[in-house]
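Here are the chains, one letter per residue:
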Amino acid sequence: MLEQPDNTTRDKATQGMPTWVKGFAIAAAVLVVLVVVMLLTGGHGPGRHTQGRLPAPAAGQSTSTNLVPA
Amino acid sequence: MLAALPLVSDDPQLVRGSYLSLRVIGWYALVPFGVASLATGLVQSLGTTWGLLRHYWVLLKLLMNVLATAVLLLYMQTLDDLAAQAQAAPDVTVASMGDPSPIVHALGAIGLLLAALALSVYKPRGLTRRGRRHAAATPRRSLASPRAG
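Chains as they are written, first to last, in the numbering used here: chain S, 562 to 631; chain G, 2 to 150.
One chain only, chain G, in its complex shape (with noise of 0.2 Å):
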């Protein structure tokens, strides 16, 4: 919504803010959640038998999160530049600032968290050549074998 506005409204000090507060949640949030979830996202495949590259599903995840995150980082020179027009601009100008480019990057970001979670939920199958290495390598659990106790 907040990056919508400023297409949407001709009220300066409504596209001003929304221009400067685009610009702290991005840094002040954006930015940190999304270097937290790319850390957790590698503790989580490198501490549990799923692994980082075994599956195709995480290794999909993985390359998703590097490029959004490496896309985030690119963009905040924009909403930077941005917020800064809109502060130092006069009203009339700030009034027809309006520009796509942060709801199209939204969007663009929504998509692809959705595209994330599905993977996160189905967990399509398929093994990397290193997960098939890997399953070679591993004895099969029984599931016949019965439970000691």
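Next up, chain S with everything else stripped away, as it sits in the complex (with noise of 0.2 Å):
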């Protein structure tokens, strides 16, 4: 059974936005800011894992296999 919404202590609860939220605000702020630097300076994304690693399959033929959807 969900808890129900503490009715009790709505009154501290209705006033602007919460030191918490904040902080998780400010935390995810810094977050997205530091991976776009990466996606930026090539440091993150798909490419940088597969790139020069091995040479390129020749054409038509294909290394994947078939156990998961395309």
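It should be emphasised that the hints constitute simulated quantities derived from the structure, not laboratory data.
Please note that a few of the clues may not be correct.
[Unchecked claim] Below 25 Å or equal to it, Euclidean Cα-Cα: the simulated DSS-like pairs (lysine-lysine) are:
no., chain 1, residue 1, chain 2, residue 2
1, S, 583, G, 124
2, G, 62, S, 583
3, G, 124, G, 62
With the hints as a guide, bring the two chains together.
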């Protein structure tokens, strides 16, 4: 059974954005900036993991298997 | 552990098996469960008095869930590529295919899950603007009112 919102504390919960939400927002903003910087500098993304490790497959030759959806 | 194995092992069979397993687990466990958690979260919030957009902790969990699911779906492309290369490459190349990316993303997912767990357990206070409007429009239940019967 899910808990119900506590109406007895509703007065305290109705005043603007709480401090803990601001903390979450700041942490999220820092993470977003970090990821954007990494994307712009080429340090992140799918291509980084797979470039230059193997020679490219010949035309018409696929390296994928039938284990998973395409 | 599976995500860290290619980093610590030089055995080409282990490395190859790790990447192939990660791809299968990703498509057949992580993606379905991720979408299911999003669906059950929507049903639980919309079907109860908590609402979807009334409390900051519910809203934050929704955003975290959407973000995690989107990153997972994008990251599956990388897992597909890693598995395909591990399958096709000779043993010498596979043995040096240690890539920190899977374990980094796995640790990020664990951090997100712990944050979501903390929000669910503690349910920190805070009503959104929509929640405040709803609270103002909803008559309070009197704790002192006697029950019928």
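Here is what the structure says about each hint:
1. Among the hinted pairs, residue 583 of chain S with residue 124 of chain G is consistent with the structure: their alpha-carbon atoms are about 16 Å apart, no more than 25 Å.
2. Taking the CA atoms of residue 62 of chain G and residue 583 of chain S, the gap is near 15 Å; set against the 25 Å cutoff, the hint holds.
3. Between residue 124 of chain G and residue 62 of chain G the CA atoms are separated by roughly 11 Å; this keeps the pair inside 25 Å, and the hint holds.
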